[in-house]
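A.B. asks: Put chains B, C and D on the given structure of chain A with help from the hints.
Residue numbers (this note's numbering), protein chains in the order written: chain A, 1 to 361; chain B, 1001 to 1361; chain C, 2001 to 2361; chain D, 3001 to 3361.
FYI, nobody ran anything at the bench for these hints, they're computed from the structure. As the structure is a computational prediction, the values presented were derived from the model and not from experiment. Don't take each hint at face value.
Stated by the list, open to error - Under the rule of at most 25 Å between Cα atoms (straight-line distance), these lysine to aspartate or glutamate pairs were calculated in the DMTMM-like manner:
no., chain 1, residue 1, chain 2, residue 2
1, D, K3154, C, E2218
2, B, K1154, A, D212
3, D, K3154, C, E2053
4, A, K154, B, E1218
5, D, K3154, A, D293
6, A, K154, D, D3293
7, C, K2154, D, D3212
8, B, K1154, C, D2274
9, C, K2154, D, E3074
Listed here are the chains, written in short residue letters.
Number of protein chains: 4
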Amino acid sequence: MTTPTQHPHSTRRADELHLATIGAGRIGTNHAELVARRIPGARLAAVADPSPEAAQRLGAQLGAEATSAEEVFENPDIDGVLITAPARVHTDLVVAAAAAGKHVFCEKPMAVSLPDADRAIRAAADAGVILQVGFNRRFAPGFAAARDAIVRGKVGTPQILRSLTRDPGPFLGDPMRTPQWTIFRETLIHDFDALCWLNPGAAPATVHAFADALVSPEARAAGHLDTAVVSIRFDNGAMATADANFSAAYGYDVRAEAFGSAGMVTTGSCRATDMTLHDAAGIHAETSRRDTDLLRDAYLAELQTFADAIRHGSPVGPTGAEARTALSIAVAAIRSIETGAPVSISDVLPALDGLGSGAIS
Amino acid sequence: MTTPTQHPHSTRRADELHLATIGAGRIGTNHAELVARRIPGARLAAVADPSPEAAQRLGAQLGAEATSAEEVFENPDIDGVLITAPARVHTDLVVAAAAAGKHVFCEKPMAVSLPDADRAIRAAADAGVILQVGFNRRFAPGFAAARDAIVRGKVGTPQILRSLTRDPGPFLGDPMRTPQWTIFRETLIHDFDALCWLNPGAAPATVHAFADALVSPEARAAGHLDTAVVSIRFDNGAMATADANFSAAYGYDVRAEAFGSAGMVTTGSCRATDMTLHDAAGIHAETSRRDTDLLRDAYLAELQTFADAIRHGSPVGPTGAEARTALSIAVAAIRSIETGAPVSISDVLPALDGLGSGAIS
Amino acid sequence: MTTPTQHPHSTRRADELHLATIGAGRIGTNHAELVARRIPGARLAAVADPSPEAAQRLGAQLGAEATSAEEVFENPDIDGVLITAPARVHTDLVVAAAAAGKHVFCEKPMAVSLPDADRAIRAAADAGVILQVGFNRRFAPGFAAARDAIVRGKVGTPQILRSLTRDPGPFLGDPMRTPQWTIFRETLIHDFDALCWLNPGAAPATVHAFADALVSPEARAAGHLDTAVVSIRFDNGAMATADANFSAAYGYDVRAEAFGSAGMVTTGSCRATDMTLHDAAGIHAETSRRDTDLLRDAYLAELQTFADAIRHGSPVGPTGAEARTALSIAVAAIRSIETGAPVSISDVLPALDGLGSGAIS
Amino acid sequence: MTTPTQHPHSTRRADELHLATIGAGRIGTNHAELVARRIPGARLAAVADPSPEAAQRLGAQLGAEATSAEEVFENPDIDGVLITAPARVHTDLVVAAAAAGKHVFCEKPMAVSLPDADRAIRAAADAGVILQVGFNRRFAPGFAAARDAIVRGKVGTPQILRSLTRDPGPFLGDPMRTPQWTIFRETLIHDFDALCWLNPGAAPATVHAFADALVSPEARAAGHLDTAVVSIRFDNGAMATADANFSAAYGYDVRAEAFGSAGMVTTGSCRATDMTLHDAAGIHAETSRRDTDLLRDAYLAELQTFADAIRHGSPVGPTGAEARTALSIAVAAIRSIETGAPVSISDVLPALDGLGSGAIS
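So here's chain A without its partners, still in its complex pose:
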């Protein structure tokens, strides 16, 4: 960190980064553990959650103070926060954290509306803090190698792209309590970011979507959506598809493909290990059943990147502007479902004055 704030009564080591997590749910726990145990030079100083019990349980387990978001923001000994609360409160927490001068790692989505995205970006810009969004795939080794090959020109100009997310089944959630547009704003948002990132320099132009409740058809009447196919046209001519489903019987499935004028890269595999079994029934391999297994290295790398960004004053993203671009595709996809027609990004995305483009260079 360029100018680490040192609290007068702090016993911290001069070179140690103090981070706090806000939200002690499944992903919050995952991130808290990684910070506490696997990020050299970083210390999990505090764990906040609206439920004091949840905070205390996790804090005790990891040797961190159990506290509230408000106290984290007021604590001068905290350098940065990881926002792992439910999606609907992300933006308010980003804004509050930035206002308190904390660097921010925000789980995706950074916002569930474009005005909220603008608020978050503006707050971070005004405060001069780092805002990194949790698009973990960028840090998965295979995805990173794919992007690297694209940047080095190995596939030429991208022409057809694909990204998908299939959450491991069976779906155990309550479809009636899942926010209506979750599949676009929280699931496919990963794919929308990945597609933009794998098509460097291009911006999404037009979006068409199909969606339905195929996993939980009983919730269809209530507007629940658990299966979707989205197609996207980019301003460099490239065309992309993204699909998602809430219940993949075989586990967690995250893949991408980029086809261009000179070749193609593919990445992603559900294989859990390189072990293969051959028996009387054929050839078999085991699958990864959880995102925290399949993307373990990616989670670690994104948090390491956040720590390094604070330390060295060198943010690498994914940035707030990039998250806003991904969100714009989600918003257009939602409007496409509502209207049954393709939707132009320019119709949903007003110009973002003075905050830079979300196009990924």
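C.D. replies: Below, chains B, C and D alone, put in the same frame as chain A:
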């Protein structure tokens, strides 16, 4: 064949099937060779082409009579014909062949308009001849195994499907002379059939398409299209994507995926053999550069199936009605490009009275 | 064929090759069908077997004369024979066929002793007929690509090689009736040839073997062997291993690997198709259960090669001398089992005067 | 740890484990970094090396005291040591560490002679300290899954096993300064352990080896060996091969295979990520070039296991007795090279009174 017509002056063996190819181009040559050399009990009796030189060259090479389509139809010694002429004349040849009592194997597409499709189907039905369409993927071992797994319920109810065609590059055609909607009517028609076939019992309902001239942008103004992404909604809720490109640097690429409530099947690979080379630059494998390499077994199997169908009076398809269904998706995709909006199949496909459904059971 | 013998009363077409199979068992039936149906320009003229019923059944099925080996040799209308009888009579049949002026395709092994191998080679040489041995792996696309990569220097100088054969289980034979050294002389003989062929220009020098009756331990006391691991040292320094087992639960498994100073090639796969199923139990693929499925293309290509060799007078092997080299490894492996010590090839292989080296160039 | 020794003047946290590394070379640095940064609850308290500069450089980098082995042993504040010095001094360090009451993680090989192995085992037993040996493959996810499948009976009774190690090339060492039997005692020792571990309950019985200087033939006269193929017979009938080479052009290659009466498991891959590139030259993937990349997870897991073993008093191995078993195969292989004959393990391995069997249950 149930009642083979025996010409009075024929010297044919009683149990030998006499076939003729109409069209001596690249695929016509491929099919003629397979009939002449690899289909037991079948004989390539004649080769027809508007160019007598082309017919004579191929006929001489394979020991078959060089002739014209008209003479083939008049020749009582011919049991069936393989139509491998340019797409625009397929329907007229199907109708003429059927009228002459010949069984018909027609390369895809069977027709380039729905009225033509109806003409072809009706002609075959009226004449009582077999009409089999050249959707070769159904006969590729991996595709057949995928369909078999679906039929046996291994993936549950299909929810998300994918099919793609990437023709081997560099594109050597003249984009200005390629018929405008070729990518939908001649290329993606394979994928449209594959998607219906991998979603048994369902019918396509709505189609949305993006397309552009990304390989040959200089021909864009003339309406040329060489890259497309199509999304399709089926009446069982399943959603599908199909994509195509005329110039895959790495060779011929044909793949499919079907995801359902109980699992997923994937099929298709560009690998030429199971040989893998590891060297200082990494891990390498060779690709198939031509459809006639990648799908060699499929071409042989579809022609064997046609021969068996004639012999045993047991047609197995792909039928004319199924080809019409695939064509209806192509027609809807073209209209989607023209209008910029999704298109209902019911808006392009009038009821086909008395000719049966194209849904693949 | 350079000088095809034309029988005065023959009705054969001038350019048609007449072949006969001797032995109507499982592989004989496979080869007979391929000649009858899949080799352009070749005709299955006759089928011989000590059992007239077996010959008649196969002959009737394929439209070939049912006869005896003696009549085949006497028939001037036969250009070449395929010897698919039991291994122990191979040499006598090769010698008789050569004496009768017939070109010979002999299933492996060409002989079960080195003096027999010499007899076979000498007979073919004296008669000036082609002698091709049925080492089918050389014609499998992946193996051929591996050899091609080696010949082009892609792996540098071979240093470590591997080849294996696992016959599909369960083992249904009667271990008490299986000839004692079958695993070396009939099974691993394929691997011994493959290893020499993948190490061009080198000759085997020393052989060590382990073997046991692990599949049928009840036959161990009788000397039955169904599992073996052989290591081989070549005169260019390369070291190889070969292993075999009579009962692979997962099907027919044939693979090879060649590691050298510049890289490595691997080939062979039990996958039946490119279809992969993902379900709640993981990732699955089907296996090939029979040699005639896994190596179908290889069987066809070796017979096509034999037909072309006769036609064009251009034999390409595998030659008798190469088969003798493979057999020398089998003989050394057997002696290694008998003595418990490594065995030098020079101790089992006397010089073959005037008949050329078996080293594969 | 059951009864952690607390130094009177220590500032350590009660629950923190203090570890020291002895040897600051390549692997020592790797292990020191993992302890310092990635093992929760463990602290890298000291780094020792005969070269004070090396110790100071690494210590400064990781915030650990730079010291000597002797001081580490005398320091009551150290709970356990990681021995990462050159192989020839491993045993003496194990003995000294055990005498000082330190738990020991010893990089392979634990010893270079069987008497040394006995000394190490006895010293740890007498002192009641944990002795874990660095056979990292056991902790690689694919290898662990393979072993798990074997233990669960998925392959039935093992009959044919394979393990290999190909170090990444080009070979940059000085072959004249590499200890003569390094390929057996330091490289293949991994494979010998893996083969025993993948054949649970069985003991090695007979060993045959071939070896040569194929990478550095100029050092052959001096006895250098860089390529080897070893075959091993186990007392349950299973047969195994192991091979090694010091210069794989394509990177670090570690694989294993276990074939049994009910199936086969394979594990190991040189792929660096799941990214695949298709271009005009074919299909490509990148390889892992270093053991510390390919086996990163395994290195972390074995050190975590050591830390957990100290903490919970529950050692899981690999034990000293298991390391002695692997060494016995290396010793037999060396004698096989010296004599040119197979060697019985019973001839090299005297009974180890009172110290338990090395068979892996």
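A.B. asks: Taking the hints in turn, state whether each one holds.
C.D. replies: Outcome of the hint check:
In summary, the hint linking D/K3154 to C/E2218 is supported, as the alpha carbons are separated by about 23 Å, within the 25 Å threshold. This hinted pair checks out: B/K1154 and A/D212 have alpha carbons roughly 22 Å apart, not beyond 25 Å. With a C-alpha separation of about 44 Å, the suggested pairing of D/K3154 with C/E2053 is violated against the 25 Å cut-off. Restraint check for A/K154 and B/E1218: satisfied, since their Cα atoms lie roughly 23 Å apart, inside the 25 Å limit.
Straight-line distance between C-alpha atoms of D/K3154 and A/D293 comes to about 24 Å, which keeps the hinted pair within the 25 Å bound. For the proposed pair A/K154 and D/D3293, the alpha carbon gap of about 24 Å is at most 25 Å, so the pair holds. A threshold of 25 Å between alpha carbons decides the hint, and for C/K2154 with D/D3212 the separation of about 22 Å falls inside it, so the pair holds. A threshold of 25 Å between alpha carbons decides the hint, and for B/K1154 with C/D2274 the separation of about 16 Å falls inside it, so the pair holds.
A distance of roughly 56 Å separates the Cα atoms of C/K2154 and D/E3074; the hinted pair therefore is violated under the 25 Å criterion.
Violated hints for the displayed structure, listed by number in ascending order: 3 and 9.
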